[in-house]
Amino acid sequence: MIPALTTMTLALPLLADHHDSFWFPDQASTFAAGVDWVYDMILYISLAFFIPMMAFTAYSIVKYKKKRGERAESQVTHNTPLELAWSIGPSFVLVWMFIQGSISYLDMRTPPEGSYDIGVQSQKWKFIMDYGGGTFHDELHVVKDEPTKLSMRSTDVIHALFIPAFRVKKDIVPGRYNYLWFQATIASEKVSDEELAKAKKQSEGGGTWDYDKYQFTPDGYRFYDLYCAEYCGTDHSEMQTAVVVHETQAELDEWIKANSSRGDVSMVQWGETLFNRRGCAGCHSIDGTKDGFTGPSFKDVYGSSHAMVSGEELLADDNYIRESILDPKAQVVAGYSPVMPTFKGQLSDDDIASIIEFLKTLSVNGEAADDAEAADAETSSTETTPAS
Amino acid sequence: MSTAVTIRDPGYPTDRENYLTNSSGILSWIFTLDHKRIGMMYLAGVVASFIVGGLLALGIRVHLLRPDGVLFTGPEGNNIYNQVFTLHGAIMVFLFIIPSIPAALGNFLVPIMLGAKDVAFPRLNLSSFYLWCAGAVFFVSALLSSGLDTGWTFYTPYSTTTDTSVILATLGAFILGFSSIFTGLNFIVTINTMRPPGMTWFKMPLFLWATYATSIIQVLATPVLGITLLLLIAERTMHVGIFDPEYNGDPVTYQHFFWFYSHPAVYIMILPAFGVISELISVNSHKHIFGYRFIAYSSIAIALLGFLVWGHHLFTSGMSSLTTIVFSALTFTVSIPSAIKVFNWIATMYKGSISLTTPMCYAISFVFLFTIGGLTGLFLGTLATDLHLHDTYFVVAHFHYVMVGGTLIAFLGGVFHWWPKMVGKMYNDMHGRIAALLVFLGFNLTFLPQFLLGSRGMPRRYATYDPEFAFLHQMSTYGALLLGCGLLYALVVLMISLAKGKRAPANPWGGITLEWTCTSPPPYYNFERPPIVGDPYDFHNVEWDAEGERYVLTEPERKLAPEETPSEQPAHH
Numbered sequence: 001m002i003p004a005l006t007t008m009t010l011a012l013p014l015l016a017d018h019h020d021s022f023w024f025p026d027q028a029s030t031f032a033a034g035v036d037w038v039y040d041m042i043l044y045i046s047l048a049f050f051i052p053m054m055a056f057t058a059y060s061i062v063k064y065k066k067k068r069g070e071r072a073e074s075q076v077t078h079n080t081p082l083e084l085a086w087s088i089g090p091s092f093v094l095v096w097m098f099i100q101g102s103i104s105y106l107d108m109r110t111p112p113e114g115s116y117d118i119g120v121q122s123q124k125w126k127f128i129m130d131y132g133g134g135t136f137h138d139e140l141h142v143v144k145d146e147p148t149k150l151s152m153r154s155t156d157v158i159h160a161l162f163i164p165a166f167r168v169k170k171d172i173v174p175g176r177y178n179y180l181w182f183q184a185t186i187a188s189e190k191v192s193d194e195e196l197a198k199a200k201k202q203s204e205g206g207g208t209w210d211y212d213k214y215q216f217t218p219d220g221y222r223f224y225d226l227y228c229a230e231y232c233g234t235d236h237s238e239m240q241t242a243v244v245v246h247e248t249q250a251e252l253d254e255w256i257k258a259n260s261s262r263g264d265v266s267m268v269q270w271g272e273t274l275f276n277r278r279g280c281a282g283c284h285s286i287d288g289t290k291d292g293f294t295g296p297s298f299k300d301v302y303g304s305s306h307a308m309v310s311g312e313e314l315l316a317d318d319n320y321i322r323e324s325i326l327d328p329k330a331q332v333v334a335g336y337s338p339v340m341p342t343f344k345g346q347l348s349d350d351d352i353a354s355i356i357e358f359l360k361t362l363s364v365n366g367e368a369a370d371d372a373e374a375a376d377a378e379t380s381s382t383e384t385t386p387a388s
Numbered sequence: 001m002s003t004a005v006t007i008r009d010p011g012y013p014t015d016r017e018n019y020l021t022n023s024s025g026i027l028s029w030i031f032t033l034d035h036k037r038i039g040m041m042y043l044a045g046v047v048a049s050f051i052v053g054g055l056l057a058l059g060i061r062v063h064l065l066r067p068d069g070v071l072f073t074g075p076e077g078n079n080i081y082n083q084v085f086t087l088h089g090a091i092m093v094f095l096f097i098i099p100s101i102p103a104a105l106g107n108f109l110v111p112i113m114l115g116a117k118d119v120a121f122p123r124l125n126l127s128s129f130y131l132w133c134a135g136a137v138f139f140v141s142a143l144l145s146s147g148l149d150t151g152w153t154f155y156t157p158y159s160t161t162t163d164t165s166v167i168l169a170t171l172g173a174f175i176l177g178f179s180s181i182f183t184g185l186n187f188i189v190t191i192n193t194m195r196p197p198g199m200t201w202f203k204m205p206l207f208l209w210a211t212y213a214t215s216i217i218q219v220l221a222t223p224v225l226g227i228t229l230l231l232l233i234a235e236r237t238m239h240v241g242i243f244d245p246e247y248n249g250d251p252v253t254y255q256h257f258f259w260f261y262s263h264p265a266v267y268i269m270i271l272p273a274f275g276v277i278s279e280l281i282s283v284n285s286h287k288h289i290f291g292y293r294f295i296a297y298s299s300i301a302i303a304l305l306g307f308l309v310w311g312h313h314l315f316t317s318g319m320s321s322l323t324t325i326v327f328s329a330l331t332f333t334v335s336i337p338s339a340i341k342v343f344n345w346i347a348t349m350y351k352g353s354i355s356l357t358t359p360m361c362y363a364i365s366f367v368f369l370f371t372i373g374g375l376t377g378l379f380l381g382t383l384a385t386d387l388h389l390h391d392t393y394f395v396v397a398h399f400h401y402v403m404v405g406g407t408l409i410a411f412l413g414g415v416f417h418w419w420p421k422m423v424g425k426m427y428n429d430m431h432g433r434i435a436a437l438l439v440f441l442g443f444n445l446t447f448l449p450q451f452l453l454g455s456r457g458m459p460r461r462y463a464t465y466d467p468e469f470a471f472l473h474q475m476s477t478y479g480a481l482l483l484g485c486g487l488l489y490a491l492v493v494l495m496i497s498l499a500k501g502k503r504a505p506a507n508p509w510g511g512i513t514l515e516w517t518c519t520s521p522p523p524y525y526n527f528e529r530p531p532i533v534g535d536p537y538d539f540h541n542v543e544w545d546a547e548g549e550r551y552v553l554t555e556p557e558r559k560l561a562p563e564e565t566p567s568e569q570p571a572h573h
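Line by line, the protein sequences give chains A and B.
First residue of the first sequence? That's 1 in full-length UniProt numbering, and the numbers climb one at a time after it.
First residue of the second sequence? That's 1 in full-length UniProt numbering, and the numbers climb one at a time after it.
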């Protein structure tokens, strides 16, 4: 993160700490210094034109402001050599800008062989990073000084991935892969354990982690901002996440491992984590709110019957929920559009079971269903999958 | 003034001649074919649209006073914000900026500057106004049904999947496109065929050059927008599979199509402003415009080069490297003709006799603001920096410096310059200048901080934002409120002039172009016969008449030569 920038540092940019330039966030990738240099050069060139032009204009206004009716001192109509000079002269500067910009661009365009590859799946209004081996997380974790390539795809509309501190941006266009690469140069600091514990305690029961408030991730890392830069609908402005740069590959691997599966947390807790991390929360509320949400609310959904678009009336039991996750367009609740992307191959059976457990806790029917299930299991007459 | 010179001044029109009063009743306006009345109706229409778009802009700015948003809260807050910024953009672009100078001022001025009685096709002209009204109705109905939340660019596949009124709004834009084409076509024919004796191409006022270049773009580029919008509607309703990847379409194709029109459209917006500024600076410096031919040619150059640079809106979309680099190179070429104009305007002021009238104050702010707008375009044309700045507030600030600091300021300058001609009343110049100053200060306070917001990484079209950007957003909001006050002040100055203003002389500023040689307001027929014209920027024969508070054109004493009468009469006499 732009280290806890306050309005004070913006108001007094010259007094801010040395990481902060007036114009830019941190220079945290190998591209940053080059881009900023080109920016500064264009800025100085522009000022070298702008200031004399405006000074000359001001001089003319002061010097030649006259009473009405007084004659102009000159009625010169043109001066071809002068005009040619100011038409052709600046062109050389423009050629220089073009060349500098294009050279840097080609570097930024071509990922080196053997870059560390991370998949990025974007959907309204969430980025989901794919670390391979079934590990998905909404934060982007990379290794310092290691070229990293993002292979990005979108399941709905155009998004764009923008990391200001790295000076990189690329649209993510549905129907094709777009790539982006960078090499981070500054590892993220870790906050002290006390600070982390304090924040964890504060945020307990408060739902999702507030990155803006704490300025570090739930794992205690300071982070760089990652924004969606292409307008993508309602919660475009909330389609943000954090970039954490690890010192070593080992540290990253350890973090991936810790996030790859449920581990020893309870199924309900893991289900809630997945609900927040995998983008469910973007379209489904858990408190019954319908306004502003694309999909039905999960409150009391488990174990209750719903009319489908197809006209059938279905009971939202374990199998229905499983089907809705793996093949969301098969049976859509009446009044909603079939816009949910599939999670086939992206969630393990344990993940799906954890989500179902989490949904049970949101529903008044949850407890009863558990009992009924137990009874069903005894008589081995489980309900069949609803016809699709 | 020596008695030897004769002065030319048309005096004042009678009520029967005055185009505003020669016929009365609502029907005399609805069915009028008079280009001046059509121009005035356009003026009222675009100003009304501007007020709506401006209030939406204030809504956006007030909302962004705090990181979590102030105005639009609750579960639908983000949706409302998205609709507000979409309508702000769509109304400002399609209903205000594109018709502002060409249709409102252009309709009034083009025939008069040509010494003609009307445009070539008066009925086409009236129909273009009614198409504009129809387009506006579609926009309002989109607003009233389920809103519009696509951004004014209608990018697919968002626009093909959102459940807001995309079809109504795109039909509105489609119809407005025809309005624009009709105006352009009319002006091309008018300027080609109806110039008066003596007015060669290079004796035309520069406003006409600018209008001509604009009209070329309107006629050539707007049909592409029409096609694109129809395809968008087809994709949405019939899934023809051109823009939506779900049906094997390509969203980037839409962007190419859209910007093929919309980048030239940027020049539809700014070229007429260049024309206005050329007139304002020359007249108020009472000095020949410097480098007439360079300015005229640069308008045409911009019109043509403007067709080749659309790809710079797609630098981050994943086009091939070669395409991207070629578009970057082409983009730089278009900056040269704009720079030439600015240099020429500054040179025109040098050694002039500058009157700091209200229009001149706007012209000077234009030079300042447009130069910033143009120079900041260099950061966006350069690929390395564009990747960082694309779709951030830097872009927002850049195009507002061009569209508002450029076109709107020029439009205001033009309205204040030709107001006495249009309504026959003088406004209070001192209050006009105060309003211009407020607009200038408010504008800079609004948009300068946005450059910094953008380079620090604030993405555009965000309903809420990270707390570290709050201070700059607040500055911007206070600036917008000041800008709003300045614009309101300017409007009040003009409205008061209608009620209380002094009667305007034919030539209050000392202009040479033909509109200043007919009365204020002009008679409904403009000129009895086509006037004979010379250089439109030759200020040798214009004098200030302090008694009548007006400028008059003088004719030097003409003598017969040889002076003596021959002593003998020729035989055949």
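Incorrect hints may have been included.
Reference listing, derived: stretches of chain B covered by chain A, where coverage requires no fewer than 3 residues with Cβ under 8 angstroms from a Cβ of chain A [as the list claims (entries may be wrong)]:
| id | region |
| --- | --- |
| 1 | 465-477 |
| 2 | 532-546 |
Sample of chain A residues with no beta-carbon within 12 angstroms of chain B, all distances over it, derived [what the hints assert, rightly or not]:
| id | residue |
| --- | --- |
| 3 | 36 |
| 4 | 93 |
| 5 | 115 |
| 6 | 235 |
| 7 | 293 |
To be clear, the hints were calculated from the coordinates, so they are not data collected in a lab.
Every residue gets a Cβ at the ideal spot worked out from N, C-alpha and C, and that includes glycine.
Going by Cβ atoms, does residue 36/A stay more than 12 angstroms from chain B at every point?
-> Answer for residue 36/A: violated, closest chain B Cβ roughly 9 angstroms.
Beyond 12 angstroms from every chain B Cβ - status for residue 293/A: 8 angstroms, violated
When I compare C-beta atoms, does the region 532-546 of chain B have three or more residues closer than 8 angstroms to chain A?
holds (count 7)
- Message: Does residue 235/A clear chain B by more than 12 angstroms, comparing its Cβ with all Cβ atoms of that chain?
- Response: 6 angstroms, violated
Outcome, coverage hint (the region 465-477 of chain B, chain A; C-beta under 8 angstroms; three residues) | Holds, because 7 residues of the region 465-477 of chain B bring their Cβ atoms closer than 8 angstroms to Cβ atoms of chain A.
Going by Cβ atoms, does residue 93/A stay more than 12 angstroms from chain B at every point? 9 angstroms, violated
Taking the shortest Cβ-to-Cβ distance between residue 115/A and chain B, state whether it exceeds 12 angstroms. Given a closest Cβ separation of 17 angstroms, the condition holds.
Going through the hint list in order, the structure does not satisfy hints 3, 4, 6 and 7.
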